[in-house]
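Engineer: Residues per chain are reported as follows:
There are 2 protein chains.
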Amino acid sequence: MNLAIVGATGVVGREVIKCLELRNFPITNLYLAASAKSVGKIIKTIWGEIKVREISSKLFEQSDIAFFTAGSEISKLFAPLAKINNCLVIDNSSLFRYDPLVPLVIPEINGAEAFNHSGLIANPNCTTAIAALPLWVLEKNFGIKKIIMSTYQAVSGAGQAGLDELEQQVIEYANHQELVVSKFSHQILFNVIPHIDSFQSNGYTKEEMKVVWETQKIFKRPDLAISCTAVRLPIKRAHSESVVVQTKSKVSPEKFKKLLSQSVGVELVDDVALGQYPTPMTAMNKFSVEIGRIRQSLIFGEYGLEFFISGDQLLRGAALNAVEIAELFIN
Amino acid sequence: MNLAIVGATGVVGREVIKCLELRNFPITNLYLAASAKSVGKIIKTIWGEIKVREISSKLFEQSDIAFFTAGSEISKLFAPLAKINNCLVIDNSSLFRYDPLVPLVIPEINGAEAFNHSGLIANPNCTTAIAALPLWVLEKNFGIKKIIMSTYQAVSGAGQAGLDELEQQVIEYANHQELVVSKFSHQILFNVIPHIDSFQSNGYTKEEMKVVWETQKIFKRPDLAISCTAVRLPIKRAHSESVVVQTKSKVSPEKFKKLLSQSVGVELVDDVALGQYPTPMTAMNKFSVEIGRIRQSLIFGEYGLEFFISGDQLLRGAALNAVEIAELFIN
Chain L
1 MNLAIVGATG
11 VVGREVIKCL
21 ELRNFPITNL
31 YLAASAKSVG
41 KIIKTIWGEI
51 KVREISSKLF
61 EQSDIAFFTA
71 GSEISKLFAP
81 LAKINNCLVI
91 DNSSLFRYDP
101 LVPLVIPEIN
111 GAEAFNHSGL
121 IANPNCTTAI
131 AALPLWVLEK
141 NFGIKKIIMS
151 TYQAVSGAGQ
161 AGLDELEQQV
171 IEYANHQELV
181 VSKFSHQILF
191 NVIPHIDSFQ
201 SNGYTKEEMK
211 VVWETQKIFK
221 RPDLAISCTA
231 VRLPIKRAHS
241 ESVVVQTKSK
251 VSPEKFKKLL
261 SQSVGVELVD
271 DVALGQYPTP
281 MTAMNKFSVE
291 IGRIRQSLIF
301 GEYGLEFFIS
311 GDQLLRGAAL
321 NAVEIAELFI
331 N
Chain C
1 MNLAIVGATG
11 VVGREVIKCL
21 ELRNFPITNL
31 YLAASAKSVG
41 KIIKTIWGEI
51 KVREISSKLF
61 EQSDIAFFTA
71 GSEISKLFAP
81 LAKINNCLVI
91 DNSSLFRYDP
101 LVPLVIPEIN
111 GAEAFNHSGL
121 IANPNCTTAI
131 AALPLWVLEK
141 NFGIKKIIMS
151 TYQAVSGAGQ
161 AGLDELEQQV
171 IEYANHQELV
181 VSKFSHQILF
191 NVIPHIDSFQ
201 SNGYTKEEMK
211 VVWETQKIFK
221 RPDLAISCTA
231 VRLPIKRAHS
241 ESVVVQTKSK
251 VSPEKFKKLL
261 SQSVGVELVD
271 DVALGQYPTP
281 MTAMNKFSVE
291 IGRIRQSLIF
301 GEYGLEFFIS
311 GDQLLRGAAL
321 NAVEIAELFI
331 N
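For the record, the sequence lines run as chains L and C.
Numbers 1 to 331, taken from UniProt numbering, label the letters of the first sequence in order.
Numbers 1 to 331, taken from UniProt numbering, label the letters of the second sequence in order.
Calculated from the structure, these hints are not laboratory results.
Some clues are possibly wrong.
[Unchecked claim] Derived SDA-like pairs: lysine to any residue, alpha-carbon spacing no greater than 25 Å straight-line:
#1 C:K220 with C:L328
#2 L:K286 with C:Y173
#3 C:K145 with C:Y173
#4 C:K83 with C:G71
#5 C:K145 with L:N202
#6 C:K145 with L:Q276
#7 L:K257 with C:K248
#8 C:K18 with C:K248
#9 C:K183 with L:Y173
#10 L:K258 with C:G203
#11 C:K236 with L:K286
#12 C:K248 with C:F287
#13 L:K258 with L:R237
#14 C:K236 with L:N202
[Unchecked claim] Some residues of chain L that are not near chain C, with every Cβ distance over 12 Å (derived):
#15 Y98
#16 V231
#17 P278
Here the structure is a predicted model, which is why all the values come from computation and not from measurement.
Every residue gets a Cβ at the ideal spot worked out from N, C-alpha and C, and that includes glycine.
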């Protein structure tokens, strides 16, 4: 298959390359493209050194599938160009996710919908994607009434600039220098910032509403009650989420754990006596979402569970999901 | 008044001294006491330099009130000695908090109960104390049905050793050295650890259950449904909490904000257009708990609110509360 990555030099773009390598994706040609300032860069892959090229009509003409990982503006500009060149777009931006005609796909949950595409398939938000895997186990087996979530999100969710700013502030602090703030709205080192993406008129941020809108769409449950508080932390990689769920039928930690052990995309890390529970440090670079701290809810009793998850938002929450969508189209 | 501080060299003990100074507490004599390894140390105060002494019968004989800030073991050993010497104990440990005969007091909420003491008054857990102030405004005015909380807690909640470990890991990281882990169960720099205090048989940690037990006791609402997920972060000082509340009667962000503006112990920091919301960096060293991100709950609709708080857990959540209890006994 001929593949293109648009935004190949960004944090998600590089994860897509790594993912294609690790999963031995059957590639005939891999084309890497990016904005003007990265054109000409050389990226090493297991298929040889690849020179970053411009985003062009020819790129899409040569490609069967293009991964778009360069943000909404680039998707808006170039997705139509890919379409007229019969190149299927797997788009990681939020631009098309809420379009009823665009499938929003997590292959482990609703992979079949990918085939209803009209040239474009949307990849979910990373925070949504990580939580959806264990939540779907509850939805399928017990039915979900309510989801209440608080997140613990890494700076790399804001791209390379976010990661750089945390690294730089650590060095500045260690050298007794003043901390420079530019990417985030406040100092991120030693801080907690309850603000990711723009604020909406209802007081929630767009990041929080993405979790609501996307979970409802992927689960085909527009009625599902969900709320989220999204918080940025001085963590390099992997998002964590504290989740409280009310179910329609009775549920227990034991039943949920048994079902999780038979599920793909999730890894049960839940032995508190041994100090084992999900953390970003252990979840990073994993294909699965870590889940633990599973306990009966003190709020919803026999109809509720509480748990904690950590998942690599760049890999599991973005690149891997996109590559898994592409894998559906391997003949 | 003659005051003693037991554990005067610890992180909370030092905050109590600072608090007594800032509030011009009418002190005749201030006695500072600590464990053997700190005896003889000199601590500078606005009442002169004070030499740290042993915890003894004489200490309590000379004192009207003793603040205990050295943990449960010291409280267990020495609170009885204070009592037989007619010295009122204000205890910051969790040891006596759940004894129905011991008042558990947040002066802004249930100050009158302090006078029902039998020689000892318990100071609440810092995470509980911070949340209780805004929650009490909801309880008084709308009645609370359910509270769902996830916390973002600073390393200084684990004492000086916790703070030192984070500082040391920052320096080690900046110098490309291996990170030494000793106080926390995992590396804390760049990490999220959903584990504070010991695990209970119901799967919740003791820190989480403290929030449940203590809020129920302080609010005199043993039926109140509360759940908590308590998480340690690489933050130096001030705890934050993401809170979802279901109320008994209809509530709105506007009504809640108006009531908060008339309340003591809380500071409304809620102008998202200006990037203003609670953060530990702005909440530290404040007497008030910062509250913001107030919005109608997507889960509980007109009967629910969601908000975010940050409060200095050493000062507002511990020392200030203890000093305010002592102030009730100034003639």
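Engineer: It remains to establish, for every hint, whether it holds in the given structure.
Structural biologist: Now the hints, each set against the structure:
Proposed proximity of K220 (chain C) and L328 (chain C) is supported: the alpha carbons are some 21 Å apart, at most 25 Å. The hinted pair formed by K286 (chain L) and Y173 (chain C) meets the criterion: a straight-line CA distance of about 23 Å does not exceed 25 Å. The straight-line distance between the Cα atoms of K145 (chain C) and Y173 (chain C) is roughly 46 Å, outside the 25 Å bound, and the hint therefore fails. Only pairs whose Cα atoms come within 25 Å are accepted, and K83 (chain C) paired with G71 (chain C) is accepted, the gap being roughly 17 Å.
A threshold of 25 Å between alpha carbons decides the hint, and for K145 (chain C) with N202 (chain L) the separation of about 23 Å falls inside it, so the pair holds. Between the alpha carbons of K145 (chain C) and Q276 (chain L) the distance comes to roughly 33 Å, so the proposed pair goes past 25 Å and is violated. Simply put, K257 (chain L) and K248 (chain C) have alpha-carbon atoms about 34 Å apart, too far for the 25 Å limit, and the pair is violated. Simply put, K18 (chain C) and K248 (chain C) have alpha-carbon atoms about 40 Å apart, too far for the 25 Å limit, and the pair is violated.
Straight-line distance between C-alpha atoms of K183 (chain C) and Y173 (chain L) comes to about 22 Å, which keeps the hinted pair within the 25 Å bound. Note on K258 (chain L) and G203 (chain C): the hinted pairing holds, with a Cα-Cα distance of about 17 Å set against a maximum of 25 Å. Of the supplied pair hints, the one linking K236 (chain C) and K286 (chain L) is violated, its CA atoms being roughly 29 Å apart against a limit of 25 Å. A hinted pair counts as satisfied when its Cα atoms are at most 25 Å apart, and K248 (chain C) with F287 (chain C) does not qualify at roughly 30 Å.
Of the supplied pair hints, the one linking K258 (chain L) and R237 (chain L) is violated, its CA atoms being roughly 29 Å apart against a limit of 25 Å. Pair hint K236 (chain C) plus N202 (chain L) does not hold up; C-alpha atoms about 32 Å apart against a cutoff of 25 Å. Distance check for Y98 (chain L) against chain C: the nearest CB is about 16 Å away, which clears 12 Å, and the non-interface claim stands. Non-interface status of V231 (chain L) relative to chain C is broken: a Cβ of that chain comes within 12 Å, the nearest being about 7 Å off.
The Cβ of P278 (chain L) sits about 7 Å from the closest Cβ of chain C, inside the 12 Å cut-off, so the non-interface label is violated.
The structure fails to meet hints 3, 6, 7, 8, 11, 12, 13, 14, 16 and 17 from the earlier list, while all remaining hints are met.
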